[in-house]
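Colleague: Numbered per the working numbering, the sequence shown finishes at 624, counting up by one with no gaps.
Hints in this document: simulated from the structure, not taken from any laboratory. All C-beta atoms in this analysis are idealised placements derived from N, C-alpha and C, irrespective of residue type, glycine included. Heads up, a few of these hints could be off.
Said to hold, decoys possible - Each pair of labels, with its calculated beta carbon distance range: (1) SER582 - GLY455: 22 to 30 Å; (2) ALA480 - ASN536: 16 to 24 Å; (3) LYS513 - ARG558: 17 to 25 Å; (4) ALA480 - THR589: 52 to 60 Å; (5) SER532 - LYS602: 41 to 49 Å; (6) ALA522 - ARG476: 16 to 24 Å; (7) ARG476 - LYS602: 44 to 52 Å; (8) GLY580 - ALA522: 45 to 53 Å; (9) ARG558 - ALA594: 18 to 26 Å.
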Amino acid sequence: MASCPGNKVRQQAPSLQEVIAVVNKTRAKSAPGPNGVPYLLYKGYPNVFKKLHKILRSAWKNIKINKEWTTAAGVYIPKEQDSKRINQFRPISLLNVEGKIFFSITASRLTKYLTENGCINTSVQKGSIPGVSGCLEHATMIWEAIQRAKSEKLNLDVVWLDQANAYGSVPHEMI
Numbered sequence: 450m451a452s453c454p455g456n457k458v459r460q461q462a463p464s465l466q467e468v469i470a471v472v473n474k475t476r477a478k479s480a481p482g483p484n485g486v487p488y489l490l491y492k493g494y495p496n497v498f499k500k501l502h503k504i505l506r507s508a509w510k511n512i513k514i515n516k517e518w519t520t521a522a523g524v525y526i527p528k529e530q531d532s533k534r535i536n537q538f539r540p541i542s543l544l545n546v547e548g549k550i551f552f553s554i555t556a557s558r559l560t561k562y563l564t565e566n567g568c569i570n571t572s573v574q575k576g577s578i579p580g581v582s583g584c585l586e587h588a589t590m591i592w593e594a595i596q597r598a599k600s601e602k603l604n605l606d607v608v609w610l611d612q613a614n615a616y617g618s619v620p621h622e623m624i
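Input sequences plus hints: build the corresponding full structure.
Modeller: Dropping the structure here:
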């Protein structure tokens with residue numbers, strides 16, 4: 450795909466409605482980033498929220514992203530109780546919520562532009578595409594393949610990849 454013609458990506462500063470939509474989708478108890486400011490501050494205090502909106506608009510208009518919005522704090526989360534070795538931990542990065550809000554709006558606009566203009570092949574790309582339940586779709590496809598193999602007495606090979614239990618989500622009882 451050399452180019453994506455058609456609708457243009459929205460380039461105006463973030464609207465109040467966009468910021469509200471992003472903040473409303475977040476969990477109030479999500480861990481804050483290095484500055485320690487949680488989403489709860491913006492959810493519970495309208496005056497602070499309005500100031501955040503002004504800051505986001507200013508950053509957009511001036512094309513100046515706060516460095517703090519792109520700096521993450523690395524934290525290791527134990528995968529199991531009494532974890533002692535490094536492979537028993539999952540690293541996560543905590544970003545300041547202000548940057549996450551700003552970049553969520555950017556990602557949402559870009560995704561909308563790409564999907565509206567047919568620049569994303571949703572038969573392959575599933576993650577973060579609105580209206581596409583990739584996990585459910587893939588699980589259904591696997592289930593149907595298993596059912597067909599059983600009913601027609603066919604062999605079926607299924608491969609589950611889980612590098613060092615990175616997400617702890619592979620159903621190991623099926624391996």
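Colleague: Hint by hint, note whether the structure agrees.
Modeller: Outcome of the hint check:
For SER582 and GLY455, the Cβ-Cβ distance of about 25 Å falls inside the hinted range of 22 to 30 Å, so the restraint holds. A beta carbon spacing of about 22 Å between ALA480 and ASN536 agrees with the range 16 to 24 Å that was offered as a hint. At roughly 18 Å, the beta-carbon separation of LYS513 and ARG558 lies within the given 17 to 25 Å, and the hint holds. At about 33 Å, the CB distance of ALA480 to THR589 disagrees with the hint of 52 to 60 Å.
A hinted range of 41 to 49 Å for the beta carbons of SER532 and LYS602 is consistent with their spacing of about 43 Å. Distance hint check: the CB atoms of ALA522 and ARG476 are about 18 Å apart, consistent with the given range 16 to 24 Å. In this structure the hint that ARG476 and LYS602 lie 44 to 52 Å apart at CB holds, the actual value being about 46 Å. Checked against the given bound of 45 to 53 Å, the beta carbons of GLY580 and ALA522, roughly 33 Å apart, lie outside it.
Against the hinted window of 18 to 26 Å, the Cβ-Cβ separation of ARG558 and ALA594 comes to about 36 Å, which falls outside the hint.
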